[in-house]
Amino acid sequence: MSSFITILSRDLKLAYRQGMDSVMVVMFFVIAVVLFPFGVGPEANILARIAAGVIWVAALLASMLSLERLFDADYEDGSLEILILQPITLEIAVAAKVTAHWLTTGLPLIIAAPVLAILLNLPADGFAVLISALALGTPSLSLIGAIGAALILGARRGGVLLSLLVLPLYIPVLIFGVSAVDAGLGGFPFKSHLLALGGLLLATLALCPWVSASALRQALRS
Amino acid sequence: MIHRFANPTRFVRLADVIQPWAAGMTFLFFVTGLYFGLFASPADYQQGETVRIMYIHVPAAWMALFCYTAMAAACGTALIWKHPLADLAARATAPIGACFTLLALVTGSLWGQPMWGTWWVWDARLTSVLILFFLYLGYMALNNAFDDAERGFKASAILALVGFVNVPIIKFSVDWWNTLHQPASVLKAGGPAIHASMLTPLILMALAFKAYYLWVLLIRMRGEINAMKVRALRMRQVQQADMADKVAAGKVG
Amino acid sequence: MPSFSGQGLGCFRGGRLVFANLSFALQPGNALVLRGPNGSGKSTLLRLMAGLIQPLEGRIQWSDSDAGITDDPDLHYGRTHYVGHADAVKPVLTVTENVAFWARLRSPQSDVAGAIDKLGIAPLADVPGQFLSAGQKRRVNLARILAVPANLWLLDEPATALDVDAIAALCDAIAEHRAAGGMVVASTHQNLALTDHAVLHLSDYITEDPALV
Amino acid sequence: MAAFFDMGGYGGFVWPAYAIVAFVMVGLWIMSRRFQRTSSDELAALNPRTRRRQQEPNDET
Numbered sequence: 002m003s004s005f006i007t008i009l010s011r012d013l014k015l016a017y018r019q020g021m022d023s024v025m026v027v028m029f030f031v032i033a034v035v036l037f038p039f040g041v042g043p044e045a046n047i048l049a050r051i052a053a054g055v056i057w058v059a060a061l062l063a064s065m066l067s068l069e070r071l072f073d074a075d076y077e078d079g080s081l082e083i084l085i086l087q088p089i090t091l092e093i094a095v096a097a098k099v100t101a102h103w104l105t106t107g108l109p110l111i112i113a114a115p116v117l118a119i120l121l122n123l124p125a126d127g128f129a130v131l132i133s134a135l136a137l138g139t140p141s142l143s144l145i146g147a148i149g150a151a152l153i154l155g156a157r158r159g160g161v162l163l164s165l166l167v168l169p170l171y172i173p174v175l176i177f178g179v180s181a182v183d184a185g186l187g188g189f190p191f192k193s194h195l196l197a198l199g200g201l202l203l204a205t206l207a208l209c210p211w212v213s214a215s216a217l218r219q220a221l222r223s
Numbered sequence: 005m006i007h008r009f010a011n012p013t014r015f016v017r018l019a020d021v022i023q024p025w026a027a028g029m030t031f032l033f034f035v036t037g038l039y040f041g042l043f044a045s046p047a048d049y050q051q052g053e054t055v056r057i058m059y060i061h062v063p064a065a066w067m068a069l070f071c072y073t074a075m076a077a078a079c080g081t082a083l084i085w086k087h088p089l090a091d092l093a094a095r096a097t098a099p100i101g102a103c104f105t106l107l108a109l110v111t112g113s114l115w116g117q118p119m120w121g122t123w124w125v126w127d128a129r130l131t132s133v134l135i136l137f138f139l140y141l142g143y144m145a146l147n148n149a150f151d152d153a154e155r156g157f158k159a160s161a162i163l164a165l166v167g168f169v170n171v172p173i174i175k176f177s178v179d180w181w182n183t184l185h186q187p188a189s190v191l192k193a194g195g196p197a198i199h200a201s202m203l204t205p206l207i208l209m210a211l212a213f214k215a216y217y218l219w220v221l222l223i224r225m226r227g228e229i230n231a232m233k234v235r236a237l238r239m240r241q242v243q244q245a246d247m248a249d250k251v252a253a254g255k256v257g
Numbered sequence: 014m015p016s017f018s019g020q021g022l023g024c025f026r027g028g029r030l031v032f033a034n035l036s037f038a039l040q041p042g043n044a045l046v047l048r049g050p051n052g053s054g055k056s057t058l059l060r061l062m063a064g065l066i067q068p069l070e071g072r073i074q075w076s077d078s079d080a081g082i083t084d085d086p087d088l089h090y091g092r093t094h095y096v097g098h099a100d101a102v103k104p105v106l107t108v109t110e111n112v113a114f115w116a117r118l119r120s121p122q123s124d125v126a127g128a129i130d131k132l133g134i135a136p137l138a139d140v141p142g143q144f145l146s147a148g149q150k151r152r153v154n155l156a157r158i159l160a161v162p163a164n165l166w167l168l169d170e171p172a173t174a175l176d177v178d179a180i181a182a183l184c185d186a187i188a189e190h191r192a193a194g195g196m197v198v199a200s201t202h203q204n205l206a207l208t209d210h211a212v213l214h215l216s217d218y219i220t221e222d223p224a225l226v
Numbered sequence: 079m080a081a082f083f084d085m086g087g088y089g090g091f092v093w094p095a096y097a098i099v100a101f102v103m104v105g106l107w108i109m110s111r112r113f114q115r116t117s118s119d120e121l122a123a124l125n126p127r128t129r130r131r132q133q134e135p136n137d138e139t
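Residue numbers (our numbering), protein chains in the order written: chain A, 2 to 223; chain B, 5 to 257; chain C, 14 to 226; chain D, 79 to 139.
Calculated from the structure, these hints are not laboratory results.
Even for Gly, the Cβ is constructed at its ideal location relative to N, Cα and C.
Covered stretches of chain D (chain B as the covering partner; in silico rule of three or more C-beta atoms under 8 Å from a C-beta of chain B): (1) 79-92; (2) 95-104.
Derived SDA-like pairs (lysine to any residue); straight-line CA-CA distance at most 25 Å: (3) K175/B to A210/B; (4) K131/C to Q244/B; (5) K158/B to Q143/C; (6) K131/C to V46/C; (7) K86/B to F150/B; (8) K214/B to Y96/D; (9) K14/A to P88/A; (10) K14/A to D124/C; (11) K214/B to V104/D; (12) K86/B to N148/B; (13) K131/C to L124/D; (14) K14/A to N148/B; (15) K214/B to A188/B; (16) K14/A to P99/B; (17) K86/B to R240/B; (18) K192/B to W181/B; (19) K14/A to D119/D; (20) K14/A to S146/C; (21) K175/B to I32/A; (22) K86/B to L237/B; (23) K14/A to A236/B; (24) K14/A to I93/A; (25) K14/A to T90/A; (26) K131/C to G79/A; (27) K214/B to I98/D; (28) K14/A to A231/B; (29) K14/A to A135/C; (30) K14/A to A153/B; (31) K14/A to V242/B; (32) K14/A to R155/B; (33) K158/B to M25/A; (34) K14/A to L124/D; (35) K192/B to F33/B; (36) K214/B to W107/D; (37) K214/B to R112/D.
Label pairs and their computed distance ranges (CB to CB): (38) A149/B to G28/C: 38 to 44 Å; (39) N148/B to A138/C: 23 to 29 Å; (40) R17/B to L165/A: 58 to 64 Å.
So that you can see chain A by itself, here it is in the shape it has in the complex (with noise of 0.2 Å):
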């Protein structure tokens, strides 16, 4: 457990001092918004209707975007290669850099998701919805992350060839987010698109970490 905290608070160090790194995945994700209106039109109506999954994209994107330099910084200085020879277990270590990644980007996300709905002229009674769906999905979108970026260790264009990979595996989250948002818009109940994307956070987050750390031995094997 003591690992867990080690690792979590110097990642969150680090992300501090280099603070702008969570704030430009959050610029990504209010300029990828900002750029709709600019597409499709500004019409109230039209924005109204897209804004959820205009927003659920985004966050998508955002949080895959800061995901390519989870073990990337630490495989180039040397420090994966010490850590994995720690006695700690490695799958602790992992959550513990998912839990720093998620806290520097997902969180920001949420935070930063309502100023959007606002910007999309969605309506009030989706912010609830919107933001606790955001809560329930990111960490899971950090956790799946976690997998692409311990596989795309040393390939060539890890960027591009990690949104192949993580992308496909998003959707679900994605689909019952957004549904969530559209179910509570239309004053359907939405208890169950909610609890379905606590259903796959709970599989993730048992799930990513054993299969991360297995990548990571795997990527530092060769």
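Assemble chains B, C and D onto chain A, guided by the hints.
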């Protein structure tokens, strides 16, 4: 070669003199501005009391443009005349300008809801100010994206100059496109079209915002100068340690 | 204090048989220096001993446990320090923070300041990593293994980028480690002033790959 | 007095606007002052010769 008047120590001594005055003026103008703005001025016959938001929205918007112009000017000086303090002035101005732009957007939205019935509309003026906000954030992100501070200054200076094209767009957006946002009513050819009772608080608040900018700028400039010296001393400290090793090696090796 | 040995080791990497039926044995206090031209498998053997990679055949084990090191990795990792080519120094963290992170990961109490002082980088304790030279980064990496004691040190070219003064400090640390019953395996070109150390020439174990012959 | 706070029914918009402006401006001032403080302390630590207000002109930039 350090420009004679650009010497940081001389600047710091100058700042010590000006800063208390700037602080004093900020409070003075804020107190009088708020008094006139909230108490001693009438409500608008159409907009009612919401017109009081103008006394913070308009100065914030003016300052947003002023800060970006100042930042771009400082970046130009830094690039063309290699003026060491200009880079620091631009870097110190950016966060202040970004805050003013954010305030202009937020207060505008709070004014827009009662008047236009919506928090946000994709109107030429509002959108270009939103882009201005992104330009500020872009400048700050680029500025410390490099380990070598010098690279950061030069790259972000160029970005600031490129982004300057957005400032005239904001200024004239209300004239070029039919926007929901009202056209200029103070700084325009025929002289202000606002009644004196509302103009005085507006001018007072604008002066308060400017004094505030000067005050915080001086504080941030002193911080930036210290940070620059810390970076220089750190490099020298490491080189000294390296030299000591080589000297030691020289003696022994 | 357990001893550390390997029998009949063979390793296949980069599509070729790097070495075959290689054996070694280390008693507490021993030092083993790996010699051989570049690419003869010095680094591979060290990574094998560290448990990073699996041998094709043969086994490495501690005398006090019958299982190989890869079967019970946590026991092995707890007793081993591995120093590779990369120095793992984070540019935004100071020297103390870098060393303290690795020390805290291994054990709650550790002597970070002492380790930093032993390697002569005490004046740089609060300097962020980005300002350090290659030699100084190397010393930060070495300070990591002094901060928390371990039975076995695996050093891959420890002396690169170090000047004479730092090499002396390293040799003192190694001598102190061996005096306390520790074991060292190092691959190095400079002659680290190690006293009565065994030598293992990798070239003795390079054989033609039976599959290719 | 209540009428003053009611702002002709628009109090819900005028007062939050003023509150946000006050919050952001005071916050920026505090952040800037803290930035100046920490950097000058760091400078003093690194360079004990220069006191907080440089007396003798120190031309090194």
